[in-house]
Amino acid sequence: MSLSSRMILVLTTVGLISGGFLAGVAKLTKERIALNIQAEIEEAIKIVVDDAEVSTVLYEEEDLVIYREMEDDGQLAGYAIQATGVGFQDKITLMFGLDETLTKITGLTIIDQKETPGLGAKITEWVAFLQFWEDRDATGLLTLRKPPVRTPPELLATEINSITAATISSRKVLKIVNLSLEKVRGLIAEGKITSEEHDDH
Amino acid sequence: MELVAIFISAVLVQNFVLYYFLGICPFLGVSKKIDSALSMGLAVTFVMSITAVVSWLINNLILIPYDLGYLQIVSFILVIASLVQLVEMFIRKISPPLYQALGIYLPLITTNCAIMGLALIAALNGYSFVETVIFGFGSGIGFTLAIVLMAGIREQLDLSDVPEPLKGAGIALIVAGIMALAFNGFIGMLT
Amino acid sequence: MTTKTIRAEYLKGLWDENPVLRQLLGLCPTLAVTGTVITGLAMGLATTFVLILSSLVVSSIKKLIPAQVRIATYIVVIASFVTIADQFLKAFFYPISEALGPYVPLIVVNCIILGRQEAFSSRNSIGRSLIDALGMSTGFLLALLVLSSIREILGAGTFLGYQVMGPWFKPWIIMILPAGAFITLGILLGIALKIESKTKRS
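Protein chains in written order, with this note's numbering: chain A, 1 to 201; chain B, 1001 to 1191; chain C, 2001 to 2202.
No lab work stands behind these hints, which were simulated from the structure alone.
Even for Gly, the Cβ is constructed at its ideal location relative to N, Cα and C.
Check before you lean on any hint, since a few could be wrong.
Examples of chain C residues lying across from chain B (beta carbon under 8 angstroms, computed) [claimed, not checked]:
id, residue
1, Q2087
2, P2105
3, V2108
4, K2194
One chain only, chain A, in its complex shape (with noise of 0.2 angstroms):
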């Protein structure tokens, strides 16, 4: 055999084997893949949304993904909001949660962030930011405490806490809170999503 002739057998032959062996991996793990990932955004909501267990995609765009959270029984949990931002250093994405009535935060949560460590990235972790999330008013501009506060009943409804060595992280993450609510807003009013609870089929 010559030796164009051997190199391109070889080539072709560890090419196939290499592909065909890659194929079969892929098809054993993609499932368990996809389900990791399905598993993190489940996660996410039942943090934000108390008693969240069926999901269903009220809208979706680019960066904004609307969830309507049920309970068990079929009563209306809350609404799940998932939002992707940019923060101090790359992209943030985060979940927050919405009662009934479209008008309060109910929780939230970080899903992936790529701030500085030990510092920003605290937003992950911080226990008197995420907490005092809750019950905050979903109505109009929120805006950041500044020096923090100890406890959640020193906000106003309409504040947020901020963290300590960490303050532009959090004013990203309120930004792109304020900026989702803008738009749920926005939808409500145009009625593509509605407070009440009722099926459109």
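Chain A is already provided as a structure; the job is to place chains B and C on it using the hints.
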């Protein structure tokens, strides 16, 4: 994200060398003289811009439509390796002076993780075609900036009294650390 | 090529030819994923998996590959195992795979792996290549563990996520920033060189 933001971020904020730690080998190896560092930087910028285009085409016209995501790593690395070869032959043919300036750096680029990193990160971030091109070009400029600054500092370091065990890579990494710290100041300028 | 005992073949990767500390190879992942011990460990193990299997495959098919296409063949073999490692982490260790981000696929351009195929597995028996790959991986893993332990303990006051420093300790945030990676590795390289020159002299 806006195009300007992507560009500035690639150059200053998420610098390939100082933030992603990609292209460390040439960053340490070819940063002893400013002019060779500049040539290396330009060669990388050139290849990165082309890689951005080609990898986007492969990913969005072949891998995603045919659900072949599992071939991404294999196809990217093969394409980059052959692309560098082609670029080398092409430059040698049409512009011998340019080849003289960049030629010896091109083969080094094949195994440069910055190029593969560029293709992967652009795909991971889901950039559009134009965004990918800006990202590729900006990342190359960012690499050039880092390696030229490094060479400038190292030319001065030759004259100073560095402890024996730190000479070479050791002190270069420590200097890179201080540079990374300085570049931290650029974070947040996109707000 | 000198023939070494199996023991020496393994041990050379730990110190004399340690890929990170002595050969300055694979610095990108070494710097990038050592902010915490768990990511450093995961990267070390994933690289070990790819290096060992690639060495086994390359050393067993070395006679069939024409010299002109050997690099291309190595790259395909390595890229295939990297893909498997990537999918495996995504499927079974999703949070770690998220934390490692693009650095798992980037194992494909880790110069340690291609370097060992070219310098060793393509010229040695399967058994010897396996020992060499084991030694190099252990050396790489050790370097990652040392660097990530220093960075996590000083940068966050924790080890593998467990608090190890007392309440008096204020984390040195610089250690988990990119700057800390560069500076710590620079100092480690200096220390390695110092130890080496001391042992050589005596």
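Status of the hints after comparison with the structure:
no., hint, in the structure
1, Q2087, "7 angstroms, holds"
2, P2105, "5 angstroms, holds"
3, V2108, "5 angstroms, holds"
4, K2194, "4 angstroms, holds"
Going through the hint list in order, the structure satisfies each hint without exception.
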